[in-house]
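One-letter residues, chain by chain:
Protein chains: 2
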Amino acid sequence: MYRTHHCGELNTKHIGTAVTLSGWVQKNRDKGSVIWIDLRDRYGITQLIFDEARTSETLMPLAKTLGREFVIQATGTVIERSSKNPNISTGDIEILVTDLKCLNQSKTPPFTIEDDTDGGDTLRMQYRYLDIRRNPIKNNLIFRHRIAQLVRNYLSEQHFIEVETPVLIKSTPEGARDFVVPSRMNPGQFYALPQSPQTFKQLLMVGGMDRYFQIVKCFRDEDLRADRQPEFTQIDCEMAFVEQEDILETFEGLTRHVIATVTGNDPGVFPRMTYDDAMKRFGNDKPDIRFGMAFGELNAVTQQKDFQVFNQSELVVGIAVPKANELTRKDIDQLTDWVKRPQIGASGMVYVRCLEDGSFKSSVDKFYDQDDFKAWAKITGASAGDLILVLSGDTQKVRPQMSALRMEMAERLGLRDPKVFAPLWVVDFPLLEWDEASERYHAMHHPFTAPKPEHMALLHTNPSAVNANAYDLVLNGNEIGGGSIRIHDKTTQSQMFDLLGFTPEEAKSQFGFLMNAFEFGAPPHGGIAFGLDRLVAILGGQETIREFIAFPKNNTGRDIMIDAPSAIDQNQLNELYLNLKTIE
Amino acid sequence: MYRTHHCGELNTKHIGTAVTLSGWVQKNRDKGSVIWIDLRDRYGITQLIFDEARTSETLMPLAKTLGREFVIQATGTVIERSSKNPNISTGDIEILVTDLKCLNQSKTPPFTIEDDTDGGDTLRMQYRYLDIRRNPIKNNLIFRHRIAQLVRNYLSEQHFIEVETPVLIKSTPEGARDFVVPSRMNPGQFYALPQSPQTFKQLLMVGGMDRYFQIVKCFRDEDLRADRQPEFTQIDCEMAFVEQEDILETFEGLTRHVIATVTGNDPGVFPRMTYDDAMKRFGNDKPDIRFGMAFGELNAVTQQKDFQVFNQSELVVGIAVPKANELTRKDIDQLTDWVKRPQIGASGMVYVRCLEDGSFKSSVDKFYDQDDFKAWAKITGASAGDLILVLSGDTQKVRPQMSALRMEMAERLGLRDPKVFAPLWVVDFPLLEWDEASERYHAMHHPFTAPKPEHMALLHTNPSAVNANAYDLVLNGNEIGGGSIRIHDKTTQSQMFDLLGFTPEEAKSQFGFLMNAFEFGAPPHGGIAFGLDRLVAILGGQETIREFIAFPKNNTGRDIMIDAPSAIDQNQLNELYLNLKTIE
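Here the protein sequences come in this chain order: A and B. Following the working numbering, the numbering of the first sequence begins with 1041 at its first residue and continues without gaps. Following the working numbering, the numbering of the second sequence begins with 1041 at its first residue and continues without gaps.
This is chain A alone, in the form it adopts within the complex:
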């Protein structure tokens, strides 16, 4: 037993108690005749005091040698502090040390172990074990644990069973790229790591498990975009004998419970929006509805005049930025440059100032009159003092451009408050999307998603028009969950594979087990999966998932702390019947 208490629990009630604490030296203030040491552990900081008058002679010299991050064990008596620190729970007391042991020394850490560290990202990743000593990272990991426990206990109470599905499974070229694992016992053959437990959870429904969940690692060998990880964690869920409404209710309940518990505020009933509406009103299938600035489509009120830019556009769309008339001409010019950057790609931007006197002033004054602008203001919902920003072009391009502009304006106006949580269901996703490059349909959600029953006939005649019982849960502009009602009969599943360009042989070799299963009494079923990393980050008021992962990888998929991946022995390769190709 290295301690009787931890460093976060002692207060004036303990005065006079003999205690032993262990932890790390946060700070050593040596004033000659008095030494104060801030001792830190996971739970807090407690001040130790050594002074010539009261401390045994032998301890003072030892105390002086203790540097930052040394690990020590100190025994002493809790006494009242003369100069109290109201910022920490132990700030009223200190420990007059009577016995002291250095348990381990420390080299000077490469960055400060403080809330605001001086360490850059790379250094922090390389010494992640030191980074975890910092409160922000430590608290993020504890927060993550708390959310996972909340989810597990809530779902367990709702009779969901957590079932572990296998990690060594089968490679399926559909979807993202698989990580593969060569099998030594089955030469020339490979396992794959799951991109999700999708087929297994469906088989559990066929198996009558009824309500399944799992908090589970998933894997995607994708070129990593910013803040993507090759391994990530899903809250994976599935239910049998349900329709879409049952799933939405169940998991709205879960999400509400989590948000309410974390924030203390019940977010109430989640609004719902169709995919089409989301695209039309926000240019985006995961709109952030913490703020307004919904799109106003202006074709009808802009294409009657001589402004050819608008007349030739498929879509003219505007947003009313609240109170933004105060932007200067220079501000607006900069904003125009911002939307013209290659990342956004707009060809230009039109603005209309809504003046306090009810009149308008615009960059296209010579083409439109005050009545025109009045109509624009009505459609975009602009009031006096607002600034209407208008983009135009091909619908497929201008919507994401306007969406980016809307988010940028919200950011600049401080409307993206990380303490406000605005969940939203987006429903009625299209079943398929046409991919120009491969000249075939791709599954918008995944190949197991069921078409809406009323759209089944369209599957032959107009596949693009088929909607699915597929839904996303959006929180503050991030997709935190997505799911669908699944196909549960072999015929529809075969038809779907056919539409997606699988030959019957390919479908059979890759998903034969699932289609077989559908012939033995598969129940109607559906589910959802949440991205735990992102959910936790957003609930924690941040957007960088790496800060909520204990040992994340960098953007090339490397763990720079342990230096993985790395070369392996020729022996290992031989056992796996593999040769490395020469890399040119």
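By construction, these hints were calculated from the structure, which means they are not laboratory data. Everything hinted at is true.
Chain copies aren't distinguished; within one or between two, either way the pair holds.
Here are the computed lysine-lysine pairs in the DSS-like style, where the Cα-Cα straight-line distance is at most 25 Å:
no.: 1; residue 1: 1104; residue 2: 1141
no.: 2; residue 1: 1257; residue 2: 1178
no.: 3; residue 1: 1345; residue 2: 1320
no.: 4; residue 1: 1147; residue 2: 1548
no.: 5; residue 1: 1401; residue 2: 1363
no.: 6; residue 1: 1437; residue 2: 1320
no.: 7; residue 1: 1492; residue 2: 1141
no.: 8; residue 1: 1437; residue 2: 1326
no.: 9; residue 1: 1124; residue 2: 1104
no.: 10; residue 1: 1418; residue 2: 1363
no.: 11; residue 1: 1147; residue 2: 1530
no.: 12; residue 1: 1492; residue 2: 1320
Starting from the known structure of chain A, fit chain B onto it as the hints suggest.
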């Protein structure tokens, strides 16, 4: 909404209620004018009734077509049954069906969906989704979930934090063989799948996380012995600022809580036994102490006479089998054959019958007299009516032989009651074991285990004599957990790697990150890991872990349901810079 109730909840209180149920047809008894269908879901079975007098004409023909495992939805009224079934919770009622829908058909399942199925192991694995519909498997998976939840909630209440450690890590040739994962983004390099999160949990302790746990998948590419799986689940735990006693207390608390909750009986304080004692008294480091038959070492009382077999043996050891004097001569001959089988390998067996009148009768009567046998009986603890069985030979060989015989006798006598739980700590394991084949020391637990402080000096002079603060938790003769106090300083860790035959370069390239971490204030720490699969199986009164895994692999590491592992595309190999070797 496919149902208003599930198939396990309706009883006489619901009589007169209109309900809708969904599930699988367990049985269809068609008596012509009356049809009964047993409808099954995860929660139970409810009887549906259709009869000519009360059921609409259109339903009867449909009801007749419903075969085993068809998925149906039935609406009707709860009525009292004329012939009640006291064996099921819904046995007092049935549903008079007014509406019926067939949701999906089923081919005839390849084995019966009954508690005692007619399906063999291979067929059950191939159609695991049907096997899971059977109560024994379904209930095992639910039981597993319950245990995992118990563990998580208990440890969380004790301020343990579940931290997810990475799955894509680094290959280390020490220990068992790693599964490796080629990295596309880092050509020629490989990740490895963790055999355990050992180094990461130690880094979390260095990181101040203080109390960590994780229920986590681990991977070993070993030739599979019976009932081993290439992927398995650990309850992995670590604590900082602890000594062995703290760990034993904490995890005895956890295990007691789980056993008490599952069985309703508190198993009390767990006994402890040193490794040396366990080997001496039970020939085994994981003794089953649900029954006695401890070994009596008989050298002193057997080697004074002319029986050369004993005189030339390093160890003569006996057990007293209770009430086994009733065995016939033929029984004992068969037992002698049993110990002489190659799997056991004894050269012979001596017996002594302890007769009811206090005298003895033995196969070595001509070498020993009644006083000798009295001494043997005293040492083995034999009473009148018992049978003493004696083996002899080299200590290293005769102990496991006698251990096997002891277990066999216990099995035959019905002493291995799966409803009795006898936990036991085995402590003071040796740090190292000498491996004849490789002519070097191997770590008995793992290379991170700390020598006992009082044995540190022996590390140079007599490594074999060094004990470790290492411990196993044994339940009913199975190791369910094992752990140790870890090394937390670079010098000892280097010394240990040296003893294990690592060059300093190898140690640095494989474990440099850990040794670096030890230089930045590593706290004393230690931990334990439980095998969840086995723990759950034993608590469930069984020993086959496969029955507690949703989708297990067979003995060649194959998932025969999904047919994995399997060949992958040449494209995939190209992207990974790999070639398959020709397999000769």
